[in-house]
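Participant: Chain residues, written in single-letter form:
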Amino acid sequence: MEVLFYFFSLILIFSALKVITSRNPVLSALFLVLSFFSAGGIWLLLKAEFLAIALVLVYVGAVMVLFLFVVMMLDINIDRLKEGFWDYMPVASIVAVIMLIEMILVLNHSYFKDMTPKDSVGISNTEALGQVLYTDYVFPFEIASIILLVAIVAAILLTLRGMKTHKGINPADQIKVQRNQRIKMVKMKSQDPIRRKKR
Amino acid sequence: MTTPWLDIIAESFWILLKILLIVIPLMISVAYLTFFERKVIGYMQGRIGPNRVGFHGLLQPIADALKLMFKEIITPNKSNKTLFFIAPILTIAPAFAAWAVIPFNAELVLADINAGLLYVLAMTSIAVYGVIIAGWASNSKYAFLGSLRSAAQIVSYEIAMGFTLVGVLMCANSLNLGDIVNGQQGGLLQWYIWPLFPLFIIYFISAVAETNRAPFDVAEGESEIVAGFHVEYSGMAFAVFFLAEYANMILVSMLAALMFLGGWLSPVSFIPDGILWLFLKVGFCLFFFLWFRATFPRYRYDQIMRLGWKVFIPITLIWIIFIGLMMQTPLKDMFH
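Note that the protein sequences, when read in sequence, are chains G and V. The numbering used here numbers the first residue of the first sequence as 3 and each following residue consecutively. The numbering used here numbers the first residue of the second sequence as 10 and each following residue consecutively.
None of these hints come from the bench; they were simulated from the model. Hints are not guaranteed to be accurate.
[Stated by the list, open to error] In silico PhoX-like links for lysine-lysine, alpha-carbon gap of 20 angstroms or less:
no.	chain 1	residue 1	chain 2	residue 2
1	V	Lys90	G	Lys20
2	G	Lys178	V	Lys319
3	V	Lys87	V	Lys76
4	V	Lys87	V	Lys150
5	G	Lys169	V	Lys319
6	V	Lys27	V	Lys90
Predicted model only: the values in this text are computed from it and were never measured.
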């Protein structure tokens, strides 16, 4: 078990470093995928199989795919990106120091001293999580879901702005079309064959 | 003192052997699935399909495999070489890895884990990376368009597919694939396909879309973008994509058989259960894949998106609520 832990952690640290150091943004995104995957591996070792698989399913399977989508379309010039480095340096270092202090405060808390996972009696991690989420914390859970729903609706509304001129086809209208709306039968006299010859 | 190490080595060797016992028959089935496909579609279109190599063409897949092995693998000039070769591996690895939790029998399973269904879902969701990376690393417009189409399609249909699985696990009360099959004991009428019929249909159509098969094969779309994401691949690199596609087809058929059609259970009580039933059901589902390909024209891209988001997801959500409500009524025996 310990060997596996160090194996996953080494990959995690390496790939996390590559995320911020690699020059190609697509490679950075792929290394981020790798680091999510190894974090999932570490969670599996802690017997948190639901969290581990949900991490892979949600972040690797969906979120990072959309990230890659965007990043792949960019044509990034590394030199231009490096231009403003020293201007941003003071602000960035302040943010970094604040984050470092916060991390130290959180990780020093007594909660993190005891790292052995709580043994849920005889039931799997999935079942334990489900019981806690849908009984003890059902109200906060529902509120969170409503907030997410509002966010989704808001995001869709933002993209709909100024889209009234689109040429999209409504399938329902397509199905409802009748024959006489598309084809008009016209009776005509056939042309005089002699006249054609003259021409 | 050396015994624990020896134990670990012996155990790993034993697991490796079991993996080979799954992977080798899987490769052979993939090879003969391609042959079967050509024959079935041939007969549906009034041809006889391959019939030159071996008895009635039975050695055709082996000839094809040998041909692909000896072909040169060409790398495009300005492609990203590393990612170009990682992409096929990333496609085939999840297709095989998902088989680890598939039970073939009440005892015959490589890893009998609790969250089996979730694991399979996670593995199939990773498969999209192979396609995306292949499209980007090829540095070709056709390949890139194909990979974008495929990524959007797979991500959309994964949601509908996940919701159908929620229905199954509500009925089975378990994420373990073996337990899901055991919940369907008692003959044909106890299979989950009956209470979950709309979900079964949606699962199957989503499975066709997830594997990029016709009529949802816009990622390849020969008439529009040549061959989509694998247009720049040749030889064995192409063969690996091909293998992964067919392995995925067998995998989703296997899942359909396990979750909706009672797995290895026999449909009538006087015939014993057995692994043959499972293979029969998987073969039946696979036949549908081939039948679809021979029958339907390719979907238009915006229609694919509409079907996934505006038709399938609402139906699955409504059916999940319906199952939940039915479980509170005296009719609840029907639903598990």
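Participant: Now look at each hint and say whether the structure bears it out.
Facilitator: Quick rundown of the hints versus the structure:
1. V:Lys90 - G:Lys20: Holds, at roughly 18 angstroms.
2. G:Lys178 - V:Lys319: holds, 18 angstroms
3. V:Lys87 - V:Lys76: Since the Cα atoms of Lys87 of chain V and Lys76 of chain V sit roughly 27 angstroms apart, the hinted pair is violated (cutoff 20 angstroms).
4. V:Lys87 - V:Lys150: holds, 13 angstroms
5. G:Lys169 - V:Lys319: Given that 20 angstroms is the threshold and the Cα spacing comes to 19 angstroms, the pair holds.
6. V:Lys27 - V:Lys90: Not satisfied, since the Cα-Cα distance of roughly 34 angstroms exceeds 20 angstroms.
The structure does not agree with the numbered hints 3 and 6 stated previously, though it agrees with the rest.
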